[in-house]
Amino acid sequence: MGMKNKKWKKIAQHTIMIIFTLIMIYPLVWMVSSSLKESSSVFVDAHSLIPDGWHFENYITGWKGFGGISFSTFFVNSAIISVVATIGSILSSTLIAYGFARVKFAGKNIWFVCMMLTMMLPFEMVMIPQYIMFNKFNWIDTYLPLILPTFFGIPFFIFLIMQFIRTIPTELDEAAKIDGCNTFQIFYRIIVPLIVPAMMTSAIFSFYWRWDDFMGPLIYLSTPEKYPVSLALKLFSDPNSVTNWGAMFAMSTLSIVPIFVIFFLFQRYIVDGISTSGLKS
Amino acid sequence: MLPKREEQATTTVPKVSPKPKHKQMEPLKPARRKVKKDNHNTTGYLFISPFLLGFFTLTIFPILYSLYLSFTDYDLMGTPSWIGLDNYVRMFTDDPTFWKSMKVTFFYAGIAVPIRLVFALLVAMALNKIVEMVGLYRTLLYLPSVVGGSIAVSIMWRQLFGNDGAVNSILGALGLPTHSWLGDPDTAIWTLIVLYGWQFGSSMLIFLAGLRNIPKTYYEASSVDGAGPVKQFFIITIPLLTPVILFNTIMQVIQGFMAFTPSFVVTNGGPVNSTLLYVLYMYQRAFEYFDMGYASAMAWVMLVIIAIFTALIFKSSPHWVHYESDNK
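The listed protein sequences derive, respectively, from chains E and R. Reading the first sequence from the start, the letters are residues 1 to 281 in our numbering. Reading the second sequence from the start, the letters are residues 282 to 609 in our numbering.
No lab work stands behind these hints, which were simulated from the structure alone. On a predicted model such as this, the values are computed, not experimentally measured, just so you know. You may find that some hints are simply not true.
Computed cross-link-like contacts, BS3-like style, restricted to lysine-lysine with a CA-CA straight-line distance of at most 27 Å [to be verified]:
no. : chain 1 : residue 1 : chain 2 : residue 2
1   : E       : K108      : E       : K177
2   : R       : K497      : R       : K512
3   : E       : K9        : R       : K410
4   : R       : K410      : E       : K4
5   : E       : K6        : R       : K497
One chain only, chain E, in its complex shape (with noise of 0.2 Å):
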């Protein structure tokens, strides 16, 4: 009786989580049917998930871009600024990260709270005196002001990569403190090797946070050949000129296959970080 009551209950838990896991991921599979649904007929029964024939023509169609740059350009911009940007936070939070993880130097503890106020300061705040200044230096539709920031580290990185570090026992650093290695050697002979996951993790969300900004390159970017994916979509999905809706469902898709295609790869960094991110504060 116990058994038969326990299983039914499993059956009506699962039974729950499946509605509800189905419900939640509807419009994603809704965004991925209706790129492959024929452009006149996406919001003819529009709720239907099964596309009336594989209609893969709006991919072409939509790879066209606009006026006359292809989506070609825009995924090869997006490529470079998050490539380039993640790789500064990367080195640059590592660095920092060790420095204030390991070694003791005076004034370590108000750099460190000054960090953790960074952290919780929006990027809108000081988006408008940053844009200015940008523009001072002649900046103004190039990436700098998009990569360079990224060079002198992310404070969430940063503690998410000293978090990591404190796991690792002191004991590693003395002992390669005896057999003569200096604080610089320490950091990369033992430490590098023993914090890749935490770097790993760091490098996703980069990745991710900058190929989905929008606000960077919508402040600072005018030539639309220098456009960003988020961008150019933006445009490209403009209500008043979308005539192939199809097509737009279609890139919309295609812009975030690279985040999917990192998801699944990478899945256990991302889990981890965010995990331990949100615990050990």
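Here the structure of chain E is known, so what remains is to put chain R in place on it, guided by the hints.
Chain R only, in chain E's frame:
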């Protein structure tokens, strides 16, 4: 005194760059002893020098500069002209749109943030109970958060709730009345709230990790004492999760106040400014009207609001946040 150190640190930067050349180690020995005497100050500042550089040029200077700008009239041409408190006076007494955006933002954050957190907690608890297929559910439920920041999702949302969109299509198929979700000032903001709540994945993962940290023995012991699941939820789960809840709440509140992309893409602030979130209005002031002084004043007002909120949450935390070590 402190800025001096910072200068010191930055002036030593060039010394490190040729470091890799020193790999042979031999000529380095006397220098190493010197570093030790130095109490590692040089080394420490060297490591954090990128942060210090960025902190002063991209955080401190801009914040102070924007404070100055907030007392000026500046359209990006020419030089800022000092007008004292005029921007603030105009904002508080003579700009209904400012108050509208403030109201919309508080309404949005005040509803969307709790919805996301409650959702995240409930789903995390459900996942914590289930043994089979947890990984699959977790992955699928986290997906909306993974892609949520993208423009594609905002565009998709706009079509989903559009007049011919999937939501109306479903309602129609069920024989229910359809609605102009994005055209009605009363419902447009709700589409954005639902969009925010839908991306509960990251909070869910944090809660799930927090739940897994609670020792099973606590529940077993309280079961013996006769506590039911509801009582256990309130006397064990919630108190032990409070540190995680604190962290989540602060981050989500800031994120909620700063939301921009959804209102920019899904509704562009309309209809009749019913979804004009604060940052969107600030953006319009700065980059559509080139009213840099006014926009800077807006940024400062929001900064103060966020600071007050964060301080209140932190200040109140000793009363409700329970740290494991308090017990021992």
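To see whether the hints hold, each was checked on the structure:
no.: 1; hint: E/K108 / E/K177; verdict: holds, 22 Å
no.: 2; hint: R/K497 / R/K512; verdict: holds, 15 Å
no.: 3; hint: E/K9 / R/K410; verdict: holds, 12 Å
no.: 4; hint: R/K410 / E/K4; verdict: holds, 18 Å
no.: 5; hint: E/K6 / R/K497; verdict: holds, 20 Å
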